[in-house]
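Visitor: One letter stands for each residue in the lines below.
2 protein chains.
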Amino acid sequence: MSDPFVVVGADAAGLSAASKFRREAPDGEVVVFEKGRWISYAYCGMPYFIAGYVDRMSNLLSLSPSDVDERGIDLRRGSEVVAVDPDAKRVTVETTDGDRFEQAYDDLLVATGARATTGFFDVRGVDGAFTLHNMDAAAAIDAYVAEPDAYDPERADVSAVDRERVDRNAAMPAPETAAVVGGGYVGVEVAEALSERGLSVHVFHRSGHLLSPFGEAVGNRVEEALEAEGVTVHTDAPVEALVGDDRIEAVEIGGDADGATTDRVPVDMAVVGVGIRPNTDLLEGTGVDFGAGGAIRVDDHGRTSLPDVYAAGDCATARHAVTGEPDWVPLGLTANRAGRAIGATVAGDPTLVGDIAGTAAVKAFDTEAARVGILDPEEAEAAGFDPVSETVTAGSRSGYYPGAAETDVTLVADGDTGRLLGGSIVGTDRAAIRIDTLGTAIEADMTVAEVERLDLAYAPPFSPVWDPILVAAKVLNGKIDG
Amino acid sequence: MSDPFVVVGADAAGLSAASKFRREAPDGEVVVFEKGRWISYAYCGMPYFIAGYVDRMSNLLSLSPSDVDERGIDLRRGSEVVAVDPDAKRVTVETTDGDRFEQAYDDLLVATGARATTGFFDVRGVDGAFTLHNMDAAAAIDAYVAEPDAYDPERADVSAVDRERVDRNAAMPAPETAAVVGGGYVGVEVAEALSERGLSVHVFHRSGHLLSPFGEAVGNRVEEALEAEGVTVHTDAPVEALVGDDRIEAVEIGGDADGATTDRVPVDMAVVGVGIRPNTDLLEGTGVDFGAGGAIRVDDHGRTSLPDVYAAGDCATARHAVTGEPDWVPLGLTANRAGRAIGATVAGDPTLVGDIAGTAAVKAFDTEAARVGILDPEEAEAAGFDPVSETVTAGSRSGYYPGAAETDVTLVADGDTGRLLGGSIVGTDRAAIRIDTLGTAIEADMTVAEVERLDLAYAPPFSPVWDPILVAAKVLNGKIDG
Numbered sequence: 001m002s003d004p005f006v007v008v009g010a011d012a013a014g015l016s017a018a019s020k021f022r023r024e025a026p027d028g029e030v031v032v033f034e035k036g037r038w039i040s041y042a043y044c045g046m047p048y049f050i051a052g053y054v055d056r057m058s059n060l061l062s063l064s065p066s067d068v069d070e071r072g073i074d075l076r077r078g079s080e081v082v083a084v085d086p087d088a089k090r091v092t093v094e095t096t097d098g099d100r101f102e103q104a105y106d107d108l109l110v111a112t113g114a115r116a117t118t119g120f121f122d123v124r125g126v127d128g129a130f131t132l133h134n135m136d137a138a139a140a141i142d143a144y145v146a147e148p149d150a151y152d153p154e155r156a157d158v159s160a161v162d163r164e165r166v167d168r169n170a171a172m173p174a175p176e177t178a179a180v181v182g183g184g185y186v187g188v189e190v191a192e193a194l195s196e197r198g199l200s201v202h203v204f205h206r207s208g209h210l211l212s213p214f215g216e217a218v219g220n221r222v223e224e225a226l227e228a229e230g231v232t233v234h235t236d237a238p239v240e241a242l243v244g245d246d247r248i249e250a251v252e253i254g255g256d257a258d259g260a261t262t263d264r265v266p267v268d269m270a271v272v273g274v275g276i277r278p279n280t281d282l283l284e285g286t287g288v289d290f291g292a293g294g295a296i297r298v299d300d301h302g303r304t305s306l307p308d309v310y311a312a313g314d315c316a317t318a319r320h321a322v323t324g325e326p327d328w329v330p331l332g333l334t335a336n337r338a339g340r341a342i343g344a345t346v347a348g349d350p351t352l353v354g355d356i357a358g359t360a361a362v363k364a365f366d367t368e369a370a371r372v373g374i375l376d377p378e379e380a381e382a383a384g385f386d387p388v389s390e391t392v393t394a395g396s397r398s399g400y401y402p403g404a405a406e407t408d409v410t411l412v413a414d415g416d417t418g419r420l421l422g423g424s425i426v427g428t429d430r431a432a433i434r435i436d437t438l439g440t441a442i443e444a445d446m447t448v449a450e451v452e453r454l455d456l457a458y459a460p461p462f463s464p465v466w467d468p469i470l471v472a473a474k475v476l477n478g479k480i481d482g
Numbered sequence: 001m002s003d004p005f006v007v008v009g010a011d012a013a014g015l016s017a018a019s020k021f022r023r024e025a026p027d028g029e030v031v032v033f034e035k036g037r038w039i040s041y042a043y044c045g046m047p048y049f050i051a052g053y054v055d056r057m058s059n060l061l062s063l064s065p066s067d068v069d070e071r072g073i074d075l076r077r078g079s080e081v082v083a084v085d086p087d088a089k090r091v092t093v094e095t096t097d098g099d100r101f102e103q104a105y106d107d108l109l110v111a112t113g114a115r116a117t118t119g120f121f122d123v124r125g126v127d128g129a130f131t132l133h134n135m136d137a138a139a140a141i142d143a144y145v146a147e148p149d150a151y152d153p154e155r156a157d158v159s160a161v162d163r164e165r166v167d168r169n170a171a172m173p174a175p176e177t178a179a180v181v182g183g184g185y186v187g188v189e190v191a192e193a194l195s196e197r198g199l200s201v202h203v204f205h206r207s208g209h210l211l212s213p214f215g216e217a218v219g220n221r222v223e224e225a226l227e228a229e230g231v232t233v234h235t236d237a238p239v240e241a242l243v244g245d246d247r248i249e250a251v252e253i254g255g256d257a258d259g260a261t262t263d264r265v266p267v268d269m270a271v272v273g274v275g276i277r278p279n280t281d282l283l284e285g286t287g288v289d290f291g292a293g294g295a296i297r298v299d300d301h302g303r304t305s306l307p308d309v310y311a312a313g314d315c316a317t318a319r320h321a322v323t324g325e326p327d328w329v330p331l332g333l334t335a336n337r338a339g340r341a342i343g344a345t346v347a348g349d350p351t352l353v354g355d356i357a358g359t360a361a362v363k364a365f366d367t368e369a370a371r372v373g374i375l376d377p378e379e380a381e382a383a384g385f386d387p388v389s390e391t392v393t394a395g396s397r398s399g400y401y402p403g404a405a406e407t408d409v410t411l412v413a414d415g416d417t418g419r420l421l422g423g424s425i426v427g428t429d430r431a432a433i434r435i436d437t438l439g440t441a442i443e444a445d446m447t448v449a450e451v452e453r454l455d456l457a458y459a460p461p462f463s464p465v466w467d468p469i470l471v472a473a474k475v476l477n478g479k480i481d482g
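Protein chains in written order, with full-length UniProt numbering: chain A, 1 to 482; chain B, 1 to 482.
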């Protein structure tokens, strides 16, 4: 038992695990292999960097390599783990210097994250076309958006940055119009960001409303919020092609069920955000079990089906609080929390990674939206429920108090048992943070009747007597009872 | 069974009950006796009216008498119920016209509310001295604060208002300095209100920190918030006397344990907010059971110990979610919810009034504070718990996101079981509304370990990866485990 705890990937899950392990087992050895140059960066902060709300890219880094070193973690950047031998309990590592070696482990954590899918688009060869899934892309987009003579190279103030790519993008003429391909939350955030930078922005979304996992009530209000700020939203508008040889010139939209191209929108920038998928190549062929979304299936302690091999973060499943089944909802807290729990477990203190409730929040200018649990009726039915739902509009504060704003709450419950299955909230006044009340209720297996009786805070500046959540519960409960 | 449902008191609890009863039993008869002229007013809104955030007093009324009439409720204002005969099932009513009659009931709801205590101060004979516990007082304070030639009589635009009192106060010279006696939440709100109206305000609080039920972390930050806006806060400063013959001239403060007067602060206005107590006179001598705070003890359906007699709102107890025992926490949602449940029960649909968690929120300028459950160690011990607590300071948003603000979270748990007993939150960015997450966790009997694993929303504009609540749970859980 003298081999180290080996971690693959130096972002949220990997470094949380390594840090917690070192705190719990100060004499233990942990080696973190990271194939790239970047570590511990705030993926979720990239749109706000592009928007200009954040001045320096370095602000998006939680930990520097020297911080990691101070924690007693043996961090090896530029070191890709290319193979795992679970029987021999060792990994094969290739470095950017061309070295190749094997490393034995006592325990292994695979925290390889996810990568942006581009659908059938290949953005690599076209100037002005991007995906946003790493810091180099964020730096490149930020540079591309600026006028060549107005770009401040200090914005990309991290040594790891691909400076050549930044410089090349900074030198190009600034775009005036942009297509955001995909109206999920990254799409919405990027649309706001590019609009804040002065571009005329088009968002193209394949289905009928933006932010599909947030439900229609949220999608519609977010669409209104974007349009109110000058963003043009195209729903039921699948982008069929990016047009342009060297530089992007237009996007082509399929307008009907046959996919016939009916429209071409000229743009001089495109950001493709059509989804992500888990990075699982490392464990292909090892016999490991995979689960929802093709992610690595793990148990309630983050263990894979291979002995002493854990997985966490965007490459792994997590147990859904509503269904009790493994699901794949790659988000930041899940990664941090699972990593931390696995670090404790490996150090000898078995710790649950915790369920996920699918909690997510997003903003579009001043409109805040959030969702939790199961909103989609088909998904609820597939999990064996009889979904009943209601959407209400209620005030965020007492009606007489300045700033009271219309807040839409959707609740979904099981008609048989009354159990709360999911919910969404959208509005302009403290709307998103209210989702945590629903998330807590869902994790506690509460019924809508119990939610209706919750003693939520009432104070005129923050909430009316009946909080919008209580109003929604009251209406939905009436429907279930009646 | 042909006698009506009789309700005593036409505010939150009484009118909620009457309205719900009529909706559920459209053929049923309900009579509401109200001794005064006012009905259905937003007590909690009065400080914001005084502050000038609300232009018209009529905005604070939820329902007008004609609204009530349209609901099929027989509302009798100026009709005081002076006696209850629970054996004969009838009440005695005296009207302001001098009539006296008896009214039989099938079911009776006592919703007589609470009244401000003034301690040993008699504010009635002294101009410039007030308590704030009804709309006439709010109108009088608002008029008194204005310069005589600048007062807009349209602000008190409700026919029920005591116009003579308003006019008399409006005619007096405007005050320049005010004493707020009592630093509970009404005191804090009134201090802000009077400061917003341009007065130099002193708050005098008997104990060591403001907002005693919110705990020290909140009290200290709220004190800082008030001081930052020019309000002078005196803690450990019990006011011993209001000085002045016709008009208030000063307050005298007892400075040490012997109560020797050590200070006299000249003021030309004083608002006394040292607490409220339940209006229970009506049921004295009936043999009804009383409970916490001297309030009328009720069961989980709002029933008193007398047959067919219910009580709800500020005059009644409610079951505390942490202790399971009847408690007295007079707040608006509790009254509305209990009234509504009793209306349904009387109409034939037995409905739980629901537990209380002692949830309360308050603001002091831009600082928001909230509390829930049991925070006081002595109270926790008295309830059989072994309280352990922690206060952490954490960011309200991702550190790089503009507007991230320091948020203090205090959690209290039972050291034996890990069960969450109470919490408080204070900060300037969406702090108060976060209390609902803790309230929901408390009502679900969650442990701190379970709170630590909650899947709360993470989005940089609203919350860091580890929400301040999760940070606090993590630290407290470490203390309990360790």
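Any given hint could be a false lead.
All copies of an identical chain are treated as equivalent in the list; a pair is satisfied when it fits inside any one copy or across any two copies.
[To be verified] No more than 20 Å apart at the CA atoms, straight line, and that leaves these computed lysine to any residue pairs for SDA-like:
1) K35 / S207
2) K89 / G418
3) K479 / D349
4) K479 / D167
5) K35 / D136
6) K479 / T447
7) K479 / L352
8) K89 / P173
9) K479 / Y53
10) K479 / R22
Keep in mind the hints are simulated off the structure, nothing from the lab.
Visitor: Among all the numbered hints in the text so far, which are the ones the structure does not match?
Guide: 1, 2, 4, 8, 9
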